[in-house]
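Protein chains in written order, with the working numbering: chain A, 1 to 353; chain B, 1 to 519.
Since the hints were made in silico from the structure, they are not lab data. Hints are not guaranteed to be accurate.
Partner residues are not named here, just some residues of chain B that face chain A (Cβ under 10 angstroms, in silico) [claimed, not checked]:
(1) Leu25
(2) Phe182
(3) Ala183
(4) Glu332
(5) Gly337
(6) Leu346
(7) Val351
(8) Arg379
Nothing here was measured: the structure is a model prediction, and the numbers come from that model. For glycine and all other residues, C-beta sits at the position ideal for the given N, C-alpha and C.
What follows is each chain in one-letter form.
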Amino acid sequence: MIALQRRAHPSRLMGYLAPLIAFVLTLLSGLLLFALLGVPIFEAFHAFFIEPISTVYGLAELGVKAAPLVIIGVALSIGFRAQVWNIGAEGQLILGGIAGAAVALYFYEVDEWFVLPLMILASILGGMLWASVPALLKTRFNVNEILTSLMLTYVAALLLSWLVSGPMRDPDGFNFPESRLFHDAALLPRLLSGTRLHIGALVALGVVVAGWLLLSKTLLGFALRVNGAAPRAGAHAGFSQNRLVWVALLLGGGCAGVAGLFEVAGPIGQLLPNISPGYGFTAIIVAFLGRLHPVGVLFAGLVMALSYLGGESAQITLNLPLAVTGVFQGMLLFFLLATDVLINYRITRKRQS
Amino acid sequence: MMDTPTKTPALVEMVGISKAYPGCLANDSIDISLSAGRVHALLGENGAGKSTLVKILYGLLAQDSGSIHWQGKPVDISSPAVARELGIAMVFQHFSLFESLSVLENIALGMDADADSDLRNKIITVSTRYGLPLDPDRSVFTLSVGERQRIEIVRCLLQNPKVLIMDEPTSVLTPLEVNELFATLSRLAEEGMAILYISHKLEEIRKLCHDATILRGGRKVATADPREETAQGLAALMMGSDIPKAVLREQSKTGKTLFSLSQLNYPALDQNGISLQGINLSISAGEIVGIAGVAGNGQDELMQVIAGEVLAHLDDAISLHDSAIGRQGAGERRKRGLCCVPEERLGHAAVPTLSLTENVFLTAHHRKALRIAGLVSYRRSRKFANEIIQRFNVQCNGPASLAGSLSGGNLQKFIVGREILQAPNVLVVSQPTWGVDAGAARAIHDALRTLADEGAAVLLVSQDLDELMQISDRIGALCAGRLSNFHQTSRVTVQQVGLLMGGESIDRQALNADSGADA
Chain A
1 MIALQRRAHP SRLMGYLAPL IAFVLTLLSG LLLFALLGVP IFEAFHAFFI EPISTVYGLA
61 ELGVKAAPLV IIGVALSIGF RAQVWNIGAE GQLILGGIAG AAVALYFYEV DEWFVLPLMI
121 LASILGGMLW ASVPALLKTR FNVNEILTSL MLTYVAALLL SWLVSGPMRD PDGFNFPESR
181 LFHDAALLPR LLSGTRLHIG ALVALGVVVA GWLLLSKTLL GFALRVNGAA PRAGAHAGFS
241 QNRLVWVALL LGGGCAGVAG LFEVAGPIGQ LLPNISPGYG FTAIIVAFLG RLHPVGVLFA
301 GLVMALSYLG GESAQITLNL PLAVTGVFQG MLLFFLLATD VLINYRITRK RQS
Chain B
1 MMDTPTKTPA LVEMVGISKA YPGCLANDSI DISLSAGRVH ALLGENGAGK STLVKILYGL
61 LAQDSGSIHW QGKPVDISSP AVARELGIAM VFQHFSLFES LSVLENIALG MDADADSDLR
121 NKIITVSTRY GLPLDPDRSV FTLSVGERQR IEIVRCLLQN PKVLIMDEPT SVLTPLEVNE
181 LFATLSRLAE EGMAILYISH KLEEIRKLCH DATILRGGRK VATADPREET AQGLAALMMG
241 SDIPKAVLRE QSKTGKTLFS LSQLNYPALD QNGISLQGIN LSISAGEIVG IAGVAGNGQD
301 ELMQVIAGEV LAHLDDAISL HDSAIGRQGA GERRKRGLCC VPEERLGHAA VPTLSLTENV
361 FLTAHHRKAL RIAGLVSYRR SRKFANEIIQ RFNVQCNGPA SLAGSLSGGN LQKFIVGREI
421 LQAPNVLVVS QPTWGVDAGA ARAIHDALRT LADEGAAVLL VSQDLDELMQ ISDRIGALCA
481 GRLSNFHQTS RVTVQQVGLL MGGESIDRQA LNADSGADA
């Protein structure tokens with residue numbers, strides 16, 4: 001009989017292997033599913049996993065989709081490590097987009113180098129401003145940040161909707177609810193001509209490195225981890241819990257804000273009523289898939305981005321329903337949770353006594 | 001017939017029990033048998049395999065080989081439910097209680113009973129009868145360790161078991177309560193119950209137990225009649241070598257005042273907490289001051305205020321080296337030389353899911369320069385962890401072991417070592433030897449003495465009177481948030497300290513006159 005036996009120490013090897021095993025299991029189950037549906041499995045596999053990234057353009061699209069997921073996912077995983085549950089990254093993303101767009105529109109047609117940096121700064125502050133509301137309520141009145149940050153997301157969406165149909169509407173836009181198209185100095189430089197890949201991809205890599213350094217090498221990161229694992233031990237060591245709540249939320253808000261700007265000033269190029277396909281929420285899944293570790297988040301972000309592209313591609317070439325994307329994401333999450341057991345347990349064959 | 005106890009048929013017998021964990025053989029073919037009407041002591045240091053053995057008996061673990069016989073018939077105790085059905089109950093050393101539920105609800109859950117007034121009455125009856133006062137409607141999170149243990153004891157007694165396993169039940173009781181519990185246990189034994197009694201307190205075992213089985217390194221090394229052995233002899237069997245008898249601490253020369261509390265008040269943190277009222281205390285260099293008291297009389301609050309986890313309202317309520325630190329945070333206090341060891345090892349003094357290296361960094365980074373250019377130096381932290389492991393003989397798989405994987409005694413040695421090796425000017429420790437075996441307790445006591453001899457001021461908050469009498473220079477007690485007067489330990493008796501713990505003053509009793517008094 002097969003039994004699980006607790007390991008003396010959590011396995012470091014399994015920590016790295018578990019997501020790979022989960023990915024392989026997802027792949028096998030997915031192909032089995034396709035086979036049962038009567039879809040030729042090789043073609044399905046090709047359509048879902050190979051075709052989207054078989055061209056330079058496809059690879060660039062992967063980067064475009066993964067960048068915001070990774071930037072937000074890293075920041076959220078740092079907060080989650082500290083048991084600060086910022087669920088409102090989507091709202092903070094929207095506020096970042098609005099703040100950045102406001103700078104772009106204020107300096108419309110001003111061809112100066114400072115416009116873009118100023119937009120980035122504004123987007124960070126915008127996201128932080130939105131995150132500071134739950135932080136203040138949490139630290140002053142002990143209000144649950146899950147509720148406040150989530151509710152503020154809807155406020156942000158409505159604010160954006162009002163702005164694009166009112167104060168920030170394109171005067172020459174035939175009353176469509178959208179802003180002017182940004183001028184060139186307010187658009188992100190592209191990394192590859194002919195694609196939409198922008199410097200956000202590089203920033204995402206930088207955020208991964210910075211997040212890893214913060215968590216593993218700094219006193220602040222240590223304090224955040226201790227606060228999450230054993231708050232009383234944190235208090236004993238002299239870490240201020242309120243300060244850590246502020247740090248975690250402002251970090252999440254700032255990164256979400258930048259991600260919002262990168263959408264507005266990158267692939268979109270203007271302010272629209274809808275600037276994100278739910279990156280702020282998907283990043284929560286990315287953070288957990290990446291085991292709340294910045295490097296893990298990088299891979300999780302890429303996998304999530306691929307599942308979006310693969311779903312679209314399978315829809316186009318094989319006429320499969322778009323729900324396939326959701327099925328794959330769900331299976332991946334389940335298999336990961338299951339294989340996580342292997343970190344603390346080993347599989348043994350139990351002898352009957 | 002009554003007087004040939006060795007011939008009494010065993011109620012439960014464990015034969016050739018072996019159990020291996022990855023990397024260690026916890027039980028190596030152990031035999032033990034319990035008879036109705038007898039209190040059987042299970043002795044051994046931490047890691048000797050006592051817990052494993054009783055967990056097998058209680059159905060929490062399955063043995064790799066060996067068998068258990070209940071009244072002569074082989075049984076398969078596959079779960080605690082089976083054990084309870086047979087009539088085996090257990091009081092654990094570490095409690096399994098739901099913090100947010102009430103005493104009544106916790107007991108009901110453990111017994112699969114309804115939390116009704118019937119059970120409430122039973123709880124009140126049993127708890128008063130055995131001197132274990134409990135309010136059935138209090139939430140568990142508001143209770144101290146000592147009070148939580150009472151729940152566990154009462155929960156077991158309510159099941160009218162035939163075999164009662166007690167894992168160090170007296171660690172948090174006052175001498176009076178211990179006597180009452182012993183009376184209870186003796187009565188239960190007379191009524192025909194078999195009791196398996198695990199303790200490190202050798203005197204207790206000699207007083208209470210009829211038989212003793214001694215384990216060392218997973219093996220049964222001896223059986224003895226504890227009533228005929230000396231404590232010294234039992235300790236030698238347990239530890240495998242003769243240990244020197246504890247020397248009573250000589251009154252050391254004391255220097256200038258290093259640490260003082262003056263008119264420290266602190267309101268209760270919740271409705272069931274204790275308010276600290278007008279606490280005055282000063283400790284000089286080279287001195288060990290002991291604070292006795294039953295759990296839940298303000299010890300937690302006092303420790304938190306002293307450590308800086310909560311700030312005093314007035315800056316000069318707490319002073320260190322003549323400078324006020326009442327409004328300084330815990331980190332700043334450490335930097336200035338005040339180190340603390342809180343009572344709760346896991347989750348307070350140490351983070352169970354982090355390695356020993358990281359747990360060293362947790363509190364030592366201020367004083368040991370464990371950061372280089374603002375970044376955590378794992379190399380230096382590991383070095384310091386190794387130093388602690390060696391100096392305090394901590395049994396573990398090196399500094400990468402998770403704190404939660406160490407046995408209680410070893411983790412405690414590590415935590416105490418971590419603070420002592422930071423060379424604090426003032427060390428405040430709470431319950432440093434709670435649930436720790438004799439060898440480790442000795443090591444911790446020696447280390448505290450050495451620290452004081454080197455000129456530090458030590459404050460020891462403990463519920464273990466033997467410990468306080470043994471190593472403190474002056475002793476007082478905390479009762480309902482107020483601190484008693486302090487007396488030279490050498491001039492007071494245990495009974496007198498008992499009075500202090502009850503909120504009385506020795507002076508008024510005119511025992512020992514004023515000579516020993518020393519406010």
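Exercise. Checking against the hints above, which ones are violated?
Worked result: 1, 2, 3, 5, 8
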